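Student: Using the sequences plus the hints, can you model the full thing?
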Amino acid sequence: MLTSLFAMAGFALAGAITPGPVNVIAMRHGSQSRRICAIFYVLGASISYALVVWIMGLSGQWLLQDPAVAIAASWVCAAYLAWLAWRIAQAPVADQLPDTHDNENESAEIAQTGLLQAFMQGAAIQSFNPKAWLVALSGVGLFVVPITVNAPSSVLPAALAWFCAVSLIACMLGVGCWAVLGRMLRRWLRTATRQRWFNRSLALVLLGSIAGILA
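Per the working numbering, the very first residue in the sequence shown carries number 40; after that it's consecutive.
Keep in mind the hints are simulated off the structure, nothing from the lab.
None of the values given here were measured: they were computed from a predicted structure.
Do not rely on the hints blindly, as some may be mistaken.
To be verified - Quick list of the computed label-pair ranges, beta carbon to beta carbon:
hint, residue 1, residue 2, range
1, P131, S193, 51 to 57 Å
2, R229, S193, 20 to 26 Å
3, P191, P58, 28 to 34 Å
4, N189, W227, 54 to 60 Å
5, A130, L173, 27 to 33 Å
6, A107, P58, 27 to 33 Å
7, I186, L220, 32 to 38 Å
8, V194, F45, 39 to 45 Å
9, A121, W236, 16 to 22 Å
10, W236, A46, 36 to 42 Å
11, W122, M223, 26 to 32 Å
12, G247, P131, 22 to 28 Å
13, L97, I208, 17 to 23 Å
Stated by the list, open to error - No more than 20 Å apart at the CA atoms, straight line, and that leaves these computed lysine to any residue pairs for SDA-like:
hint, residue 1, residue 2
14, K170, R73
15, K170, V244
16, K170, L212
17, K170, L207
18, K170, A204
19, K170, Q160
20, K170, C216
21, K170, I86
22, K170, W93
23, K170, M223
24, K170, I110
25, K170, R235
26, K170, A121
27, K170, R226
28, K170, P58
29, K170, L246
30, K170, A118
31, K170, F50
32, K170, I56
33, K170, M211
For each residue, glycine too, the CB sits at the ideal point set by N, CA and C.
Tutor: Printed below as a string of structure tokens:
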């Protein structure tokens, strides 16, 4: 059992920490948003991924039986990510990023206006991330299905719950690493010109991931 958990964790972390749309936006949040907003973004993306794993575990094979469904889903996801890339490229920049130490008034304002938005953005981007769905389906096939073969029906929910829990923690670590990387770039992004070029570079990376989706 312990060996299986380590294998699950390694697989889930590898899928979560490799470059992708969710991690690109996490780096932007880490570099240009308040720390608490980046944390809520990571939480939203991670909880959403755990739900994706659960859905794929229960109905993944059925969802992918019709090739037309898979193709349509890819185009819908690509359209959403393209719109997101455009928004990032056109995002307003500040003459100077605020200090990394949040004061109480700023934290209160963020709690009222920005935290839910950051959480929902993380959840939405993860939900529209084809990489998440494919990695989830692969993980279910590798770690959940073999356990449930010739086993009572009650084993599937338990095995799937374990894999969802491992995936949740791995996603928090993987996406969180990208947010921390963005945080490390914060000092370099003090000027509006650097912020603008950074945003445009992230938009190009996001468009590159779309090309991979449709390839």
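Student: Each of the hints needs a verdict: does it hold here or not?
Tutor: So, going through the hints one by one against the coordinates:
1. P131 and S193 have their C-beta atoms about 53 Å apart, which keeps the hinted 51 to 57 Å range intact.
2. The hinted range of 20 to 26 Å is not satisfied by R229 and S193, whose Cβ atoms lie roughly 57 Å apart.
3. Take P191 and P58: their Cβ atoms lie about 40 Å apart, and the range 28 to 34 Å is violated.
4. Range check, N189 to W227: Cβ separation about 56 Å, and the 54 to 60 Å hint holds.
5. Separated by about 29 Å at the C-beta atoms, A130 and L173 satisfy the suggested range of 27 to 33 Å.
6. Between A107 and P58 the Cβ separation comes to about 29 Å, which falls inside the hinted range of 27 to 33 Å.
7. In this structure the hint that I186 and L220 lie 32 to 38 Å apart at CB holds, the actual value being about 35 Å.
8. For V194 paired with F45, a C-beta distance near 20 Å fails the hint of 39 to 45 Å.
9. For the pair A121 and W236, the beta carbons lie near 20 Å from each other, so the given range of 16 to 22 Å is met.
10. Here the CB-CB span from W236 to A46 is close to 41 Å, well matched to the stated 36 to 42 Å.
11. Our hint of 26 to 32 Å for W122 and M223 holds, since their Cβ atoms are close to 28 Å apart.
12. At about 24 Å, the beta-carbon gap between G247 and P131 stays in the expected band of 22 to 28 Å.
13. Checked against the hint of 17 to 23 Å, the pair L97 and I208 passes, with Cβ atoms roughly 21 Å apart.
14. Of the pairs offered as hints, the one joining K170 and R73 is violated, with about 27 Å between alpha carbons and a cut-off of 20 Å exceeded.
15. Of the supplied pair hints, the one linking K170 and V244 holds, its CA atoms being roughly 15 Å apart against a limit of 20 Å.
16. Distance check on the hinted pair: K170 and L212 sit about 17 Å apart at the alpha-carbon level, within 20 Å; holds.
17. With a C-alpha separation of about 15 Å, the suggested pair K170 and L207 falls inside the 20 Å cut-off, and the hint holds.
18. The suggested pairing of K170 with A204 holds, with an alpha-carbon distance near 19 Å, which does not exceed 20 Å.
19. For the given pair, K170 sits about 17 Å from Q160 by alpha-carbon distance, which is consistent with the 20 Å threshold.
20. Restraint check for K170 and C216: the C-alpha separation of about 18 Å stays at or below 20 Å, so the hint holds.
21. Distance hint between K170 and I86 is fulfilled; the C-alpha atoms sit about 16 Å from each other, no more than 20 Å.
22. With a CA separation close to 15 Å, the supplied pair K170 and W93 stays within the 20 Å bound.
23. Taking the CA atoms of K170 and M223, the gap is near 26 Å; set against the 20 Å cutoff, the hint is violated.
24. Taking the CA atoms of K170 and I110, the gap is about 14 Å. The hint holds against a cut of 20 Å.
25. Between K170 and R235, the direct Cα distance comes to roughly 27 Å. Violation of the 20 Å bound is thereby established for this hinted pair.
26. The suggested pairing of K170 with A121 holds, with an alpha-carbon distance near 15 Å, which does not exceed 20 Å.
27. Distance hint between K170 and R226 is unfulfilled; the C-alpha atoms sit about 31 Å from each other, more than 20 Å.
28. Proximity of K170 to P58 is assessed by CA-CA distance (about 10 Å); at most 20 Å being required, the pair is judged to hold.
29. A C-alpha spacing of about 14 Å is found between K170 and L246, which places the hinted pair at or below 20 Å, so the restraint holds.
30. With a CA separation close to 15 Å, the supplied pair K170 and A118 stays within the 20 Å bound.
31. Note on K170 and F50: the hinted pairing holds, with a Cα-Cα distance of about 14 Å set against a maximum of 20 Å.
32. About 12 Å separates the Cα atoms of K170 and I56, which keeps this hinted pair within 20 Å; it holds.
33. Proximity of K170 to M211 is assessed by CA-CA distance (about 16 Å); at most 20 Å being required, the pair is judged to hold.
Hint violations for this structure: numbers 2, 3, 8, 14, 23, 25, 27, all remaining hints satisfied.
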